[in-house]
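Colleague: So the chains spell out like this:
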Amino acid sequence: MKIEVCPQPFNPWSVLQDYEAQRAQAGKCGATACFIGTMRDYNAGDSVQQMWLEHYAGMTELYLQQLAREAEQRWELLDSLILHRVGEIHCDQTIVLVAAWAGHRSPALDACRYLIEELKHRAPFWKRETLNTGQQRWVAQNTPK
Amino acid sequence: MKIEVCPQPFNPWSVLQDYEAQRAQAGKCGATACFIGTMRDYNAGDSVQQMWLEHYAGMTELYLQQLAREAEQRWELLDSLILHRVGEIHCDQTIVLVAAWAGHRSPALDACRYLIEELKHRAPFWKRETLNTGQQRWVAQNTPK
Amino acid sequence: MNITVKLFASLREQVGKGEVKLKADKPMTIAQIWAQVSEEMPLPTHILMALNMQYVEPNAIAKAGDEVAFFPPVTGG
Amino acid sequence: MNITVKLFASLREQVGKGEVKLKADKPMTIAQIWAQVSEEMPLPTHILMALNMQYVEPNAIAKAGDEVAFFPPVTGG
Chain A
2 MKIEVCPQPF NPWSVLQDYE AQRAQAGKCG ATACFIGTMR DYNAGDSVQQ MWLEHYAGMT
62 ELYLQQLARE AEQRWELLDS LILHRVGEIH CDQTIVLVAA WAGHRSPALD ACRYLIEELK
122 HRAPFWKRET LNTGQQRWVA QNTPK
Chain B
2 MKIEVCPQPF NPWSVLQDYE AQRAQAGKCG ATACFIGTMR DYNAGDSVQQ MWLEHYAGMT
62 ELYLQQLARE AEQRWELLDS LILHRVGEIH CDQTIVLVAA WAGHRSPALD ACRYLIEELK
122 HRAPFWKRET LNTGQQRWVA QNTPK
Chain C
2 MNITVKLFAS LREQVGKGEV KLKADKPMTI AQIWAQVSEE MPLPTHILMA LNMQYVEPNA
62 IAKAGDEVAF FPPVTGG
Chain D
2 MNITVKLFAS LREQVGKGEV KLKADKPMTI AQIWAQVSEE MPLPTHILMA LNMQYVEPNA
62 IAKAGDEVAF FPPVTGG
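Protein chains in written order, with my numbering: chain A, 2 to 146; chain B, 2 to 146; chain C, 2 to 78; chain D, 2 to 78.
Quick caveat, the hints were computed from the structure, so don't treat them as lab data. Remember, it's a predicted structure, so these values are computed and weren't measured experimentally. Any given hint could turn out to be false.
Computed cross-link-like contacts, SDA-like style, restricted to lysine to any residue with a CA-CA straight-line distance of at most 25 Å [stated by the list, open to error]:
1) C:27 - C:11
2) A:29 - B:144
3) B:121 - C:54
4) B:29 - A:46
Let's have the full structure, built from the sequences with the hints guiding it.
Modeller: See below:
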């Protein structure tokens, strides 16, 4: 399991490649599902220039660990990973990466969706957007889907 | 869109990294979902040593293109990708990679699942396993999930 | 002109042929083509059929120049 | 001993404080702590509360040494 709150930009694909390379491959994994959230240049009808991501240091890491552990138990995962950016984020940069490894496809896909949905609804992160107009605003709520 | 039937092993993460690097990033993508199928060392209660993947050259590529196009339209995807191995496959090697890019997470996740499910049920590929005992057998049917 | 008939995977081994050219003096149904290629084997229950690389049912009609394929349930992914 | 109270994001800006140490002579409910920190602002409807980094309801009880946090709906991911 790997859980990380990242102040610096990261490339999700090289994170996954490095993570798998240092793990022992043992022939048991048949399915990997992953989800990546990326910063768009628009939100709620407005052009967005950049974003600031605040978090509750300590609780965030704890919550993400609980979440990953819960998913690993519920779907009998072989492994799971959650990385989330904090700080200043620009367009096309990765905000979040979740991944689930399992023997078969259904648990991997179900767990991956669960990780991102639960993270969005419960993990203590907050987005503040800077619009192209210069106006700053806190995002009030995540879209339901 | 990228569709490929691959006779040689590939690393799914570097494929995705290279593919994204050569695409124009335009601030519209908020969500990427991907699924990777990997060869296990067991199946249906038996130890598997290696696998041979046969396909219907021509129809396979055509079917995968139709599938990706259909998913792109149905979920208004920004992009999609399907890579599938053929030939001799060893333990821990990637068999299939599917990915879907969208503005929001729900279409990306739904389309990703659709791509792998439809591919498993309709794309003309066939697996022949070589067990640790040396016995060879055609896989009769994919697991329902 | 011929109809090209292809068989794949376990079905190819069962029938003992991978590709056959059938003389096609007149259009034939896929079921008739199967009977000819397999030498009257009954059509296996879960068999899949394609005409010019699109899935079809046994009553679809093939003519000279077409490609017809028979194969077992697919197991990719 | 104190109770440490943290506020985040828009709520921190609304209340005008990010972190406060409250004197805790006796255990208090989270709701009482909110009243004291916010100087009697009504508890916002969608506010989330944590005690020692676990989600709790307003009737949970905090004592000296505990960490309490108030924050708006989360918007990560």
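Colleague: Now, for every hint given, state plainly whether the structure supports it.
Modeller: Structure-based check of each hint:
Between residue 27 of chain C and residue 11 of chain C the alpha-carbon distance is near 30 Å, which puts this suggested pair outside the 25 Å criterion. Of the supplied pair hints, the one linking residue 29 of chain A and residue 144 of chain B holds, its CA atoms being roughly 16 Å apart against a limit of 25 Å. This hinted pair checks out: residue 121 of chain B and residue 54 of chain C have alpha carbons roughly 17 Å apart, not beyond 25 Å. Restraint check: the Cα-Cα separation between residue 29 of chain B and residue 46 of chain A comes to about 13 Å, which is no more than 25 Å; the hinted pair holds.
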